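Chain L: place on chain E using the hints.
2 protein chains.
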Amino acid sequence: MKVPPRLYIDQPLHSGQDIPLALEAAHYLTKVMRRRVGENVRLFNGKDGEWQSKIAQIERRQVVLGVENQLLQQIYCPDVELAFAPIKRSRQEFIVEKATELGVRNMQIINTEYTSQKPVRLERLQTISIEAAEQTERMDLPSIVQAGDLKDWLLEFPTDRTLVFCDESGTDTVPILPALQNHKSKSISILIGPEGGFSKQERDLIAQTSGALVVSLGPRILRSDTAVVAALSMVQAVHGDW
Amino acid sequence: MKVPPRLYIDQPLHSGQDIPLALEAAHYLTKVMRRRVGENVRLFNGKDGEWQSKIAQIERRQVVLGVENQLLQQIYCPDVELAFAPIKRSRQEFIVEKATELGVRNMQIINTEYTSQKPVRLERLQTISIEAAEQTERMDLPSIVQAGDLKDWLLEFPTDRTLVFCDESGTDTVPILPALQNHKSKSISILIGPEGGFSKQERDLIAQTSGALVVSLGPRILRSDTAVVAALSMVQAVHGDW
Numbered sequence: 030m031k032v033p034p035r036l037y038i039d040q041p042l043h044s045g046q047d048i049p050l051a052l053e054a055a056h057y058l059t060k061v062m063r064r065r066v067g068e069n070v071r072l073f074n075g076k077d078g079e080w081q082s083k084i085a086q087i088e089r090r091q092v093v094l095g096v097e098n099q100l101l102q103q104i105y106c107p108d109v110e111l112a113f114a115p116i117k118r119s120r121q122e123f124i125v126e127k128a129t130e131l132g133v134r135n136m137q138i139i140n141t142e143y144t145s146q147k148p149v150r151l152e153r154l155q156t157i158s159i160e161a162a163e164q165t166e167r168m169d170l171p172s173i174v175q176a177g178d179l180k181d182w183l184l185e186f187p188t189d190r191t192l193v194f195c196d197e198s199g200t201d202t203v204p205i206l207p208a209l210q211n212h213k214s215k216s217i218s219i220l221i222g223p224e225g226g227f228s229k230q231e232r233d234l235i236a237q238t239s240g241a242l243v244v245s246l247g248p249r250i251l252r253s254d255t256a257v258v259a260a261l262s263m264v265q266a267v268h269g270d271w
Numbered sequence: 030m031k032v033p034p035r036l037y038i039d040q041p042l043h044s045g046q047d048i049p050l051a052l053e054a055a056h057y058l059t060k061v062m063r064r065r066v067g068e069n070v071r072l073f074n075g076k077d078g079e080w081q082s083k084i085a086q087i088e089r090r091q092v093v094l095g096v097e098n099q100l101l102q103q104i105y106c107p108d109v110e111l112a113f114a115p116i117k118r119s120r121q122e123f124i125v126e127k128a129t130e131l132g133v134r135n136m137q138i139i140n141t142e143y144t145s146q147k148p149v150r151l152e153r154l155q156t157i158s159i160e161a162a163e164q165t166e167r168m169d170l171p172s173i174v175q176a177g178d179l180k181d182w183l184l185e186f187p188t189d190r191t192l193v194f195c196d197e198s199g200t201d202t203v204p205i206l207p208a209l210q211n212h213k214s215k216s217i218s219i220l221i222g223p224e225g226g227f228s229k230q231e232r233d234l235i236a237q238t239s240g241a242l243v244v245s246l247g248p249r250i251l252r253s254d255t256a257v258v259a260a261l262s263m264v265q266a267v268h269g270d271w
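If you read the sequences in order, they're chains E and L.
With the numbering used here applied, the first sequence covers 30 to 271.
With the numbering used here applied, the second sequence covers 30 to 271.
It is worth saying that the hints were derived from the structure and are not from the lab.
Don't take each hint at face value.
Identical copies look the same in the list; a pair holds intra-copy or inter-copy alike.
[Claimed, not checked] Here are the simulated lysine-lysine pairs, DSS-like style, with alpha carbons at most 27 Å apart:
{"no.": "1", "residue 1": "K147", "residue 2": "K31"}
{"no.": "2", "residue 1": "K180", "residue 2": "K215"}
{"no.": "3", "residue 1": "K31", "residue 2": "K60"}
{"no.": "4", "residue 1": "K31", "residue 2": "K180"}
{"no.": "5", "residue 1": "K147", "residue 2": "K60"}
{"no.": "6", "residue 1": "K147", "residue 2": "K229"}
{"no.": "7", "residue 1": "K180", "residue 2": "K147"}
{"no.": "8", "residue 1": "K31", "residue 2": "K76"}
{"no.": "9", "residue 1": "K31", "residue 2": "K229"}
{"no.": "10", "residue 1": "K60", "residue 2": "K83"}
{"no.": "11", "residue 1": "K117", "residue 2": "K60"}
{"no.": "12", "residue 1": "K31", "residue 2": "K117"}
{"no.": "13", "residue 1": "K76", "residue 2": "K215"}
{"no.": "14", "residue 1": "K180", "residue 2": "K229"}
Predicted, not measured: the structure shown is a model, and the values here were computed from it.
Okay, chain E solo, but in the shape it has when bound (with noise of 0.2 Å):
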């Protein structure tokens, strides 16, 4: 049994309505995919839960979708939240597939001084997450923000989460796992530094930040990306929905 491909739509969804597919869409259904008139496609929105569809017209400038009932309830994931500083173009997006599929919330790109990198592409960063929304079968899409400079994002940052702070310099750190677990706070934001690290400067203004938990993630040096997704796993087997 063929699973039925599974699209974001970004637009409300209801029972009786006709969808016309953008370009890329209809590519990817038909041509990737290869489906046909009358085949089911699942839509969601972010908001609206997930909805059964059929292809009701494939032609050459058009692939329409009619929209029939409704699947699943909309769910959101977990208020898990990343901020991550700007990586290698080839790493960045690599993270932003992978916190995808782990359920974040929403993800913050902050400058730090050992940031070097050119500015983001924000578009194209928001096209992978939907893909990935699409794939890992997630209701809701991440939100992608610029957030500025870290010490004015440390500034503001609210009392009531946890800041789970991946420290690679080691000193003063105790593991994940028993720091999350002894940690009650299901409101958590993960902080991932560049390849460079943090300046002393940098990381003792994320030390004295409210609800700080400075962690280590064992012995090994990892790179930005592996430590987004080691520190995401433990944070969702921990708090989260796993």
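This is chain L only, laid out in the frame that chain E set:
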């Protein structure tokens, strides 16, 4: 202060020795890292710990290191093994990089019913693993072997090991964190399927294997490469060296 670069050398290491570098390592050291004669380089060979060396000579066709003293005793990563089915090349290379960073002792590439990828290029994967070991500061190298068919691999699975099977299909699973915490063995093999998952027959065989722990990595569908990093992080945090 510049941290000395770290190189894997495939030969015994002892004081007073001169080591001429292979072309690629020589290029990396002098062109990428821009090191000069007299600067320090750290060396490891997977079994003799980490050694201090100095660049003794840089000539057009030859870079030579002079080995000085041992810096660190040899240590080995925990007894964690990763078995995975071949997937798309870029994601497979990613798995090898990440598994090396996350301290896997050996990798077994297994064929499954739904495996459709071309033969793996073992040498290329070993090169990626060496680079990752250099970066992540681990002192041993993981082995990477082609381990044949899943069914034979399961028949020969040692009775004293735990087999952590991350089952995307989701019935009869327990969340990975409590499953690992309730299990005492620290000799662990993690089994990750291809993108298409395992067949019903394969899944039954896995579940019947002595020591099998059928676990879930949460409600979202993870790609194979994400599942590898997530499962390895959990195992290192609960039973490994984190």
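Within, between, both or neither: how does the pair K31, K117 come out at a Cα-Cα threshold of 27 Å?
between (37 Å within a copy, 21 Å between copies)
Since the copies are identical, ignore which copy is meant and state whether K31 and K229 lie within 27 Å (CA to CA) inside a copy, between copies, both or neither.
-> between (54 Å within a copy, 16 Å between copies)
| Taking 27 Å as the upper bound on the Cα-Cα distance, should K76 and K215 be classified as within, between, both, or neither? | within (22 Å within a copy, 43 Å between copies)
* **27 Å Cα threshold - placement of K229 relative to K180** => within (13 Å within a copy, 52 Å between copies)
Are the CA atoms of K60 and K83 at most 27 Å apart within a copy, between copies, both, or neither? So K60 and K83 pass the 27 Å test inside one copy only (16 Å; across, 57 Å).
Task: K147 and K31: within-copy, between-copy, both or neither at 27 Å Cα - done: Classified as between; 24 Å across copies, 42 Å inside a copy.
| message | As a check of your reading, is K180 near K147 (CA-CA no more than 27 Å) within one copy, between copies, both or neither? | response | within (20 Å within a copy, 49 Å between copies)
Practice item. Can you give me the call for K31 and K76, within, between, both or neither, at a CA distance of at most 27 Å? Key: Within one copy only: 26 Å inside a chain, 50 Å across chains, cut-off 27 Å.
**Item:** Up to 27 Å CA-CA - K229 versus K147, copy category
**Value:** For K147 and K229, only the intra-copy Cα distance (23 Å) is at most 27 Å; the inter-copy one is 48 Å.
query = Is it within, between, both or neither when you check K31 against K180 at 27 Å Cα-Cα?
reply = Between copies only: 26 Å across, 50 Å inside.
- Query: Between K180 and K215, at a C-alpha cutoff of 27 Å, which is it: within one copy, between copies, both, or neither?
  - Reply: Answer is within; shortest intra-copy Cα gap is 24 Å, inter-copy 42 Å.
Q) How would you classify K117 and K60 at a CA-CA limit of 27 Å: within, between, both, or neither? A) Result: close only across copies, 20 Å inter versus 32 Å intra.
When held up to the earlier numbered hints, the structure conflicts with none and fits them all.
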